[in-house]
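Make the full structure from the sequences, and use the hints.
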Amino acid sequence: DQQVKQNSPSLSVQEGRISILNCDYTNSMFDYFLWYKKYPAEGPTFLISISSIKDKNEDGRFTVFLNKSAKHLSLHIVPSQPGDSAVYFCAASLNSGGSNYKLTFGKGTLLTVNP
Amino acid sequence: DAGVIQSPRHEVTEMGQEVTLRCKPISGHDYLFWYRQTMMRGLELLIYFNNNVPIDDSGMPEDRFSAKMPNASFSTLKIQPSEPRDSAVYFCASLDSLSYEQYFGPGTRLTVT
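Chains A and B, in that order, give the protein sequences. The end of the first sequence is residue 115 by my numbering, with every number in the run present. The end of the second sequence is residue 1113 by my numbering, with every number in the run present.
For the record, the hints were derived by calculation from the structure and aren't laboratory data. Don't take every hint at face value.
Stated by the list, open to error - Here are a few chain B residues that face chain A, going by a calculated C-beta distance under 10 Å:
1. GLY1003
2. VAL1004
3. TYR1031
4. TYR1048
5. TYR1103
6. PHE1104
7. PRO1106
Unchecked claim - The list that follows gives simulated cross-link-like pairs (lysine to any residue, SDA-like), each with its CA atoms no further than 25 Å apart:
8. LYS5/A x ASN67/A
9. LYS56/A x GLY83/A
10. LYS107/A x GLU1062/B
11. LYS54/A x LYS71/A
12. LYS102/A x HIS1029/B
13. LYS54/A x TYR1100/B
14. LYS1068/B x GLY1016/B
15. LYS107/A x LEU11/A
16. LYS1024/B x GLU42/A
17. LYS107/A x SER1058/B
18. LYS5/A x ASN95/A
19. LYS5/A x TYR1100/B
20. LYS107/A x PHE1065/B
21. LYS71/A x LYS102/A
22. LYS107/A x ASP1057/B
23. LYS5/A x THR1038/B
24. LYS102/A x ALA1072/B
25. LYS107/A x HIS1010/B
26. LYS1068/B x GLY1042/B
27. LYS102/A x SER1099/B
28. LYS102/A x SER1007/B
29. LYS54/A x PHE65/A
30. LYS68/A x ALA41/A
31. LYS1068/B x SER93/A
32. LYS5/A x GLY1042/B
33. LYS68/A x SER49/A
34. LYS102/A x SER1058/B
35. LYS102/A x GLU1062/B
36. LYS71/A x GLU1044/B
37. LYS102/A x PRO1106/B
38. LYS107/A x SER1099/B
39. LYS102/A x ALA70/A
40. LYS68/A x GLU58/A
Glycine included, each C-beta is placed from N, C-alpha and C at the ideal position.
What follows is the structure, given as structure tokens:
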């Protein structure tokens, strides 16, 4: 029972173009969402997050969009760079007033940015 | 800070043997998490601790798995006896409750033959 789904196992884009990674969730109680990036032989590293009270959060080249009615979020990377090539994990939590740190992860999307 | 430290980085063992994975969280972090990553199931939370106390172990697959946190700077995940289906990458992560960001260790790749 996957509560967080990343339906695209892989994505390939050209350097300089936009990368869009998608994530769907089924539990309407999730109210905090995060994206992590993972390089081979390393642990995941935090990238960007968004609370359910917002529909957009931006940090440099990275923007996360949240559509609560569709239970969908996406990560946009503009412009994409070869160093962005990694596995991207979407994660969700039941914040419950800030005391619940349990994360439910998707299976990840492998992004390849071609020079 | 050196970040979250895990040992060993790789472990190969035979079915039936006991396996112990170790984790040192970032100093000052009051939460510690153990995850398992497999191709089939992705990244799953096994158990997490707050101030050395287990809070949620609902992800622990079965009684063969156990985790302890005897102090704020050390945790172990033990599998006894190990089985081939336990082969996976096991990650430890820690968090400061003032932030939502979990910091992951490099992982332990476990192979059970």
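| said: Need the list of violated hint numbers for this structure, in ascending order. | reply: 30
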